[in-house]
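Student: Those protein sequence lines, which keep their order, are chains D and C.
As numbered in this note's numbering, residues 61 to 203 make up the first sequence, in order.
As numbered in this note's numbering, residues 888 to 1354 make up the second sequence, in order.
Hints are supplied without guarantee of correctness; some may be wrong.
[Said to hold, decoys possible] For lysine-lysine, the following DSS-like pairs were computed, each having C-alpha atoms within a straight-line distance of at most 30 Å:
#1 D:K85 to D:K180
#2 D:K124 to D:K85
#3 D:K180 to D:K142
#4 D:K64 to D:K142
#5 D:K180 to C:K1247
#6 C:K1157 to D:K180
#7 D:K124 to D:K64
#8 D:K180 to C:K1296
#9 D:K64 to D:K85
[Unchecked claim] On the chain C side, residues computed to face chain D include the following (Cβ under 10 Å):
#10 L1014
#11 R1018
#12 Q1037
#13 E1148
#14 D1152
#15 A1169
#16 D1177
#17 G1178
#18 L1180
Think of the hints as simulated: they come from the structure by calculation, not from any bench.
All of these numbers come straight from a predicted model, not from anything done at the bench.
Using N, Cα and C, we set each Cβ at its ideal position, and we do this for glycine too.
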Amino acid sequence: MAGKTILLIEDNPSDIELARRAFGKSRLMVAEDGEEALDYLWGRGRHAERDATDLPALTLLDLKLPGVSGLEVLHRIRENEKTRRIPVVILSSSSEESDIAAAYDLGANSYIRKPVDFQKFTRSVEQLVTYWLRLNEPPPAAG
Amino acid sequence: MAARFALTPVLGDKAPRILALLAVVISARCGGVGPGLLAVAGGIASTWLLPRPHAIGSDEFVSMLLFIGVALIVSLMCGQLRNALRRTEESEARYRGICSNLPGTGVFVVDRDLRYVAVAGPLAARLGYSREAVEGRLLSEVLDGSRYAQAREQFQRALDGGSHFYESRHDGRLISVQYVPLRDESGAIFAAMGICQDITEHRRAEDDARRLNEDLELRVRDRTMRLEAANQELEAFAYSVSHDLRAPLRGIDGWADALREDLGDVIGDKGRQYLERIRSEAQRMALLIDGLLDLSRLTRAEMRWMPVDLSALAGRHAERLAEANPGRRITFVVQPGLTAEGDPRLLEAAIGNLMENAVKFTGPRAEATIEVGQRAGGTEAEFYVRDNGVGFEMSHSSRLFGAFQRLHKTSEFPGTGIGLATVARVIRRHGGRVWADARKGEGATFRFTLGPLDRKTLHGRQNHSAD
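So that you can see chain D by itself, here it is in the shape it has in the complex (with noise of 0.2 Å):
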């Protein structure tokens, strides 16, 4: 399983490293804004190269972003056939009820506020990793 792709949605540069020393050895794809992680899913664009059937096991995303917002993209995912059923969840610094109601609203499976202490969100990551890619019974290909 540890062949499995994470889709991790952020555009601050600092995150991104950040995360990408707390997911370690975990198979990560970054996409910097919400049109770039579509065209990975989908498979068009920049990446219209790539088996579009491989979808992430994981799919992390922020909820601010440049240009297409957070929300906006969880829901062209829900809209979509292919991408209906992958399993998004949400990695915010909001702790907005109104954020976490309308990320609920458009299907994201689980909702974490992203910790300033990275050492605890380096245990967080490690957990999300164990559940979704380990014990997660992942959906079936939809579409």
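Got chain D; can you put chain C on it based on the hints?
Tutor: For chain C alone, kept in the frame of chain D given last:
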């Protein structure tokens, strides 16, 4: 006397008496009872004293007595008639005087034939209806065209028993007429009265007031919009604080940790200590930001009024705090049956903060006791959270409820200084007061009220009816 001699041939010997009677009537009618009596006496004297053609016989004497009797009665009746007429005239003059002097008013009375029987008042004259020109004439003779049709309809409604107002314009003035039926003692309608008033100024003032009101409403709406915009801005600010200020802190903490992990050997123990300092500062700042966010959230959230079980709420906090501090011996005493009207989430935050504070400042005590209760008596419910902790100097209590204000050293009692500001804000939003009694080393008691009871009951009812 001349008339008597002239008429004697026509009336025969009855002429003197008939003429005397006539004289009595005229005297009494014009002069009242006194002159009437004088005329009677004159009549008798002239009959007796003037040259007599023959001696007075017995039948002559009887007819003389009859004449005196009739003359007396006629004289009295005429006098009374005269008085009655005078009284009627006086009364009419009085009423007309009242009507004529009603400021800005005109009174029109028409009988059942729609004939003007009375017109009075300064407004009647100003509108062009003088008493002389109108009284005694029919409505149809005085008014023309549409004005007549209108007046006829309104007076007719009053004659049919209706009482109502009607507004019309005369030469740019706005006239309000109240039409009422006039009833006699038996209740039958014998006339209709129209009471006119010039309400031009009155209406103008009303219009001005309405315009002012509308203007005010517009301004309120405008301000509300601007306030809402400002609120939205504040929300956007809070949102961006939560996102944007926390991100660099994660970076600082994360890279400090990376430095420790990758280059820990190079920087040595001292370097690693400094890194820990950097990290704890970053985390402290994160706490401050979170505290500020909570505070702003409490301010922004809409109040939801409902009955709140404060005892249950405090009990939950007690459980949570006991679990969070397993190494401590804390006795929580929560008085049962504490209830209030308020927003449960806000009250939970306030009481939670007070109890957390109590736990924190009883830290040095081997046996901590934290009480939550309500003071007996008083006009409004007063709740308290009491601890046997380190207390504080009352001279500093004014700074207690300000954001970022702290009375203790961070090294002794860590904290952001936002907890009590949060409490104060919650209590203020409920319309209540919060204050503290304490002595250094002898514990502290935080007291609060939640505003007048009747207002909250009202809110509660509104809430329930909206549900």
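Student: Regarding the hint that Q1037 (chain C) lies at the interface with chain D, is the smallest CB-CB distance below 10 Å?
Tutor: 63 Å, violated
Student: Need the status of pair K124 (chain D), K85 (chain D): alpha-carbon distance at most 30 Å?
Tutor: 26 Å, holds
Student: Once the shortest beta carbon distance from A1169 (chain C) to chain D is found, is it less than 10 Å?
Tutor: 6 Å, holds
Student: Hinted pair, alpha-carbon criterion (30 Å max): K180 (chain D), K1296 (chain C). Please report holds or violated.
Tutor: 27 Å, holds
Student: Keeping to a limit of 30 Å between CA atoms, is the pair of K64 (chain D) and K142 (chain D) held or broken?
Tutor: 18 Å, holds
Student: Are R1018 (chain C) and chain D close enough, Cβ to Cβ, to be under 10 Å, as the hint says?
Tutor: Check failed: Cβ of R1018 (chain C) comes no nearer than 78 Å to chain D, outside 10 Å.
Student: Given a cut of 10 Å on the nearest C-beta pair, is the interface hint for G1178 (chain C) held or broken against chain D?
Tutor: 13 Å, violated
Student: Can L1014 (chain C) be said to touch chain D, with a Cβ gap under 10 Å?
Tutor: 68 Å, violated
Student: Identify whether the interface hint at D1152 (chain C) stands, where standing means a beta carbon of chain D within less than 10 Å of its own.
Tutor: 18 Å, violated
Student: Quick check on the hint: E1148 (chain C) CB to chain D CB, less than 10 Å?
Tutor: Nearest chain D Cβ about 8 Å off; hint holds.
Student: Does D1177 (chain C) hold up as a contact with chain D if the rule is Cβ-Cβ below 10 Å?
Tutor: 8 Å, holds
Student: For K124 (chain D) and K64 (chain D), compute the direct alpha-carbon distance and say whether it is at most 30 Å.
Tutor: 26 Å, holds
Violation of the numbered hints given earlier is confined to hints 3, 10, 11, 12, 14 and 17; the remaining hints are satisfied by the structure.
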